[in-house]
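Participant: Next come the chains, spelled out residue by residue.
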Amino acid sequence: MDMDLITNILFAAVRTGTPLLLVAIGELICERAGVLNLGQEGMMLMGAVLGFIAALTTGSIVTGFVVAALAGVLMSLLFGFLALTLSTNQYATGLALAIFGGGLSAFIGQPFVGKPVDGLHAIVIPYLSDIPLIGKALFAQDGMVYLSFILVPALAWMLKNSRPGLIIRAAGESPDSLHALGHRVMMVRYLAVMFGGAMAGLAGGYLSLAYTPMWNEGMTAGRGWIALALVVFAGWQLGRLMLGAYLFGLASILHLVFQGLGFDISPSLLAMMPYVATILVLVVLSRSRDNPALQAPAAIGKPWRPVH
Amino acid sequence: MKLKLKQLLAGLGLMTCAVMAQAEEPLKVGFVYVGPVGDLGWSYEHDQGRQEMEKYFNGKVKTTYVENVPEGADAERVITQLAKDGNKVIFTTSFGFMNATYKVAKKFPNVIFEHATGYKRLPNMGTYVLRTYEGRYVSGVAAGMLTKSNTIGYIGAFPIPEVIRDIDAVYMGAKSVNPNVKLKIVWANTWYDPGKEADAANALMDQGVDVLIQHTDSPAPLIAAEKRGGVRAIGQASDMSKFAPNAHVYSVRDHWAPYYIKVVQSVMDGTYKPQDYWGGFHEDVLQLASINDNLPADVKQAINDTYAKIKSGELKPFTGPIKDNTGKEVVAAGHALTDEELAQVNWYVEGIDDKIPQ
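Chains A and B, in that order, are what the protein sequence lines are. Per the working numbering, the first sequence starts with residue 2, numbered consecutively. Per the working numbering, the second sequence starts with residue 10, numbered consecutively.
Extracted from the complex, chain A is given alone in its bound form (with noise of 0.2 Å):
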């Protein structure tokens, strides 16, 4: 292997690990505040088809990604106004977005298949970009994927070291505290499950503007469930799941670039790679199991209403 191709490896792992790095930053802010949303395949979904949309009719990619956004906030209102103000099963309601995101951006894209639209621009940083083997990976990539690596560390610290990073957690492990303090539970959790969608439908859009710029239905191909997975097993822990996403497309993309080298091993084992190697090295990661920041929030999953 020359340098260039594992610069190129490199590159294609950020660029594979984004769209799921994207959609569990929602979901791991998300599931923090308790909540637990299994429709990201369909906020997904509806993000990539309302974003691919907008950026066909008004001819802005910005405005697609605003739009992608906005389609995946909708959708996690319908999950929120079901979930938290009528206290269903959040696992139902969950895959029951995940479902009607499915068949509704179908439906609505169906007029839109086969529509090319000029994807996303890499905005390529001087100098930077051409440090050996990680300038591309890093410095070469599109406003998306920057966007991440400012989102993480961001929300990172919030989480760990203020007061609206606390109000969140306290909202995931002990809603009946934080309420009893005086603080607004239900709408903490609205919040961030609107910020869920957000970010939802915006790696939607990541995939119908930017990664593969087109619509097609189904386009997301799974990646709802894998980002699902990933919070898991990163722990809750936004530095694990940066990790996490990117070791999945590493393992993705060698899947593949071993296979063109001609490397003797079956296609088949080769696939299962980004799956195994992710899991190990976070089940790895996560072994001190006395560590208290790595388990999930007490409170997930539980619907919760105020008690007067």
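If you're looking for bench data, these hints aren't it; they were derived computationally from the structure. Please note that a few of the clues may not be correct.
Simulated crosslink set (EDC-like; lysine to aspartate or glutamate; CA at most 16 Å straight-line) [unchecked claim]:
#1 Lys236/B to Asp119/A
#2 Lys320/B to Glu292/B
#3 Lys251/B to Asp119/A
#4 Lys364/B to Asp265/A
#5 Lys116/A to Asp248/B
#6 Lys332/B to Asp363/B
#7 Lys332/B to Glu359/B
#8 Lys236/B to Asp143/A
#9 Lys325/B to Glu292/B
#10 Lys71/B to Glu34/B
#11 Lys116/B to Glu85/B
Please arrange chain B on chain A, whose structure you already have, making use of the hints.
Facilitator: This is chain B only, laid out in the frame that chain A set:
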């Protein structure tokens, strides 16, 4: 007695009405698709064929379709439902529907079943398949002439005979015009995942591939080729030219309508016989769509010539002597593989530096 006669007459009248209504009622034809009709590839083209066929019969045929049917127990349920709903001909359009179609066909001997790409047949169940390798051979010729790096990339879906056969055809076509050509094969392990297909295309291009051929169904590899620049790509199953105005060579289009019309007509005439149908350029069920104007003249010429030769039967890609890539002779000199033999191709031709995944 009088009353009875009256009743009898009334009954007769009703019966005549019923018979007449039946005569005017259109023949119901059902379709089962494995993917969404919006996949722009496999299922999309089956649906185009369905629409063209319905239009052709101008009201005498009424079609129904069910899309996104998983290959398994669900398929059997869907096919049974279509048969119960009074469909007289049912087309099931994915290899994985074979056993389900077979089971239901046994239960409904008065309904005609047609299964794409399979090999199980009954008195009321036939199979049909495309000679996609004809298109692949032309693609090999075009790719062999176009490549500057002498490296062609092939994105495979799953290592089944149909795909292996097509890979062989590509390589033989390429080799016939470019003795130094190499073929790199990547298995995506999916028929449809735009993201993964784009990744596969990029991985191949990173390794020096400058002409891409795909056996997966989304236009993502073409988009990736267009974005990269300096790379050519060939569309799969349907016309994908608009996704890559510069990179697109042409698309090998599945054109099912002639076959669907033929089968439905034979059912109407009462002449239907189940067969193992193979169709290609000659039957117009396989077409070359949107040959790019920006191709060099000699490449265009070669594409058209090769197409014409295959169409006329002058050129049969799998004509011996052919050796596999372990040096064993698999097709004897002068012998052209029969359809039955074609269905069982499980070797790479000599020169493909790779192994079929087990």
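Participant: Give a verdict on every hint.
Facilitator: Hints versus structure:
For the suggested pair Lys236/B and Asp119/A, the alpha carbons sit about 10 Å apart, so the restraint of at most 16 Å is met. A threshold of 16 Å between alpha carbons decides the hint, and for Lys320/B with Glu292/B the separation of about 8 Å falls inside it, so the pair holds. Using a Cα cut-off of 16 Å, the hinted pair Lys251/B and Asp119/A holds, with the two alpha carbons roughly 12 Å apart. As the CA atoms of Lys364/B and Asp265/A are separated by approximately 8 Å, the hinted pair is consistent with the 16 Å bound.
Only pairs whose Cα atoms come within 16 Å are accepted, and Lys116/A paired with Asp248/B is accepted, the gap being roughly 12 Å. Restraint check for Lys332/B and Asp363/B: the C-alpha separation of about 15 Å stays at or below 16 Å, so the hint holds. For the proposed pair Lys332/B and Glu359/B, the alpha carbon gap of about 6 Å is at most 16 Å, so the pair holds. A hinted pair counts as satisfied when its Cα atoms are at most 16 Å apart, and Lys236/B with Asp143/A qualifies at roughly 14 Å.
Our distance criterion of 16 Å between C-alpha atoms is met by Lys325/B and Glu292/B, whose separation comes to about 15 Å. At roughly 9 Å between alpha-carbon atoms, Lys71/B and Glu34/B fall within 16 Å of each other, so this suggested pair holds. Using a Cα cut-off of 16 Å, the hinted pair Lys116/B and Glu85/B holds, with the two alpha carbons roughly 11 Å apart.
No hint from the list above goes unmet by this structure.
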